[in-house]
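Based on the hints, put chain V in the right spot on chain B.
So the protein sequences, as listed, match chains B and V. Number 320 in numbering that gives the first Met the number 0 belongs to position 321 of the first sequence; there are no gaps in the numbering. Number 46 in numbering that gives the first Met the number 0 belongs to position 47 of the second sequence; there are no gaps in the numbering.
Wrong hints could be hidden among the right ones.
Here are the computed lysine-lysine pairs in the DSS-like style, where the Cα-Cα straight-line distance is at most 27 Å [stated by the list, open to error]:
#: 1; chain 1: V; residue 1: 125; chain 2: B; residue 2: 214
#: 2; chain 1: B; residue 1: 214; chain 2: V; residue 2: 126
#: 3; chain 1: V; residue 1: 200; chain 2: B; residue 2: 215
#: 4; chain 1: B; residue 1: 215; chain 2: V; residue 2: 126
No wet-lab data here; the hints were simulated from the structure.
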Amino acid sequence: MKQLIELMNTKLWGRGASAINPGLVVATVVVFIVLCFASPYFLNAYNLVNVAKALVIVGIAAAGETVVIIAGGFDLSIGSTMAAAGMLAAYLLDIGTGVGPAFLAAIVLGICIGAANGTLIAYFRINPLITTLAMMAIIRGLAFVISDGREIIITNKTWLSLGTGKWVGIPYIVLILIVIYLVFALILPRTTFGRYVYAIGSNPRAARLSGVSTKKWQLAIYITCGATAALAGLMLAARTGTAMPAAAMGFELDVITAVILGGASLKGGRGTILGTAIGLILLFMINNGLTLAQVPSFWQQVVKGFILLVAVLYDEIRSGRSDDS
Amino acid sequence: MMSTQNNFGTKNADADNSARIPLIELSGITKSFGNVDALSGVDLKIGEAESVGIIGDNGAGKSTLVKVLSGVYPATGGTMKFRGREVRFNNPLDARQNGIEMIYQDLALCEDLDVAQNIFLGREIKKNYGPIRVLDNKAMTRAAAEDIANMGLDFDVEREVGMLSGGERQMVAVARALQFEPSTLLMDEPTAALSAEKIRKLWEMILELKSRGVSILLVSHRFTDILSICDRIVVVRGGKIAGEMKPNDHPPAQTMAMMTEMMTGDRISKEAGA
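Next comes chain B alone, as it looks inside the complex (with noise of 0.2 Å):
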């Protein structure tokens, strides 16, 4: 009986570093089933549209940091990349260049970020929350210098259609999101790449010692971070039709929140990007409950503050190493 009950699990939930957390769950279907009866406006279809809107801009600069997450790692500067590739991509489509190479360029300066970030990580060995909290600044600091603090309107037709076109009802970065979602689903559990993520995050040391060629890996990881926070960062001036230097601005809150709260341990080696979808969308329920009853921007803040909080220091009770300190 106790196997029978084992094996349901297993093939529900998963197992070892990449199962779902069934309280996760939940606690999703429990928050959504208590928006359902707090609010006539929750179930609405323009409001879910408007909150799956929002999640995507986070849910992709999501992935990335839940492959940085589970490896041991931490990236700050998901925000500034985001600002600075929208805002190369508008400068390049405002002198006339075509959305391709735009998007190209974009996702380009998204890469290089992240090698900066892993370089210096991986080879140098430099703290990652240092290392990435010092390019949230450079990065940042230059979208403003170049830019002189000003935004960028883009009025290229394609581009827009982008963040506001829809496909059978459906938006299209709704779509890229479910995507980009599949495709690191598909990823993590079956590839060298996914598998070495887990490894790195769980002992960098034994990956090692295995023959693993772990300051490569760390530096496909963080470039595969830079890449995601770009393509986000794209959506973002796709769906709001402007790039600013202070765009997405404390999004590494949202973004970190998720990940942790869909079970990918700070500690490294668990979590899977099925977890921080859920992660996700019961932030954004959070998020939206809080929109419909009224409760001021700010105090949504301190709430978000306070459910990374709790995710991480359910992190620490699960894994039983918060008595080892």
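Chain V in isolation, oriented as in the chain B frame:
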């Protein structure tokens, strides 16, 4: 030709002969960490199917020596030959590609990965999906389950290593080392976390490997470990080889006394080959 016999009673009549055609030959190996010389001119030969015990005091350089052999530390100087061919191991992968496997003192396992994932880490089985190569998780799980069963053990290879007992983890580390049919097995204090029963099982496996032609290099501070399985004992002191002996040339008590004297520097002689 001299016949040797270890404590398990396994005859190894060819140990001397194989030692003349070394599988591994170290000449003047040095390893420095800044101004500190951890190894200063080590000469050592290990024959095919030979089991060599390395013993020495704390800080003598025995762990550094096996780490140079396993590619964890690239040697600062000297030459290393493998089957007569000069090699240089810059990382553990170089050593593994030459069939040299290591069981580390702390086991070096990823606790969040399952048994099969640990066994195949760094050398995953892959399959093609059109142009894309992906991990063959089923094949790895199947092979790992066979390994564990062949070792006479019974535990789920899809369990996280962090959920296993100390003895089971040790066996995972052994299974990982044996999966790719090594030519040489290096072991650094492998019995540290094991019960007496598990130690006996481990030595049985090691002797079985030896009978299949695998060379063994065992680092241990336990005299009994060394005497159990080794054809030859090498004493390391101050980053150098202080002496060698064969455990069956003398009664165990005398061998232990001689090893202690070599470790402390009271005896500077080479019993073997003298």
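Checked hints:
| no. | hint | result |
| --- | --- | --- |
| 1 | V:125 to B:214 | holds, 22 Å |
| 2 | B:214 to V:126 | holds, 25 Å |
| 3 | V:200 to B:215 | violated, 39 Å |
| 4 | B:215 to V:126 | holds, 23 Å |
The structure is inconsistent with hint 3 alone, although it conforms to all the rest.
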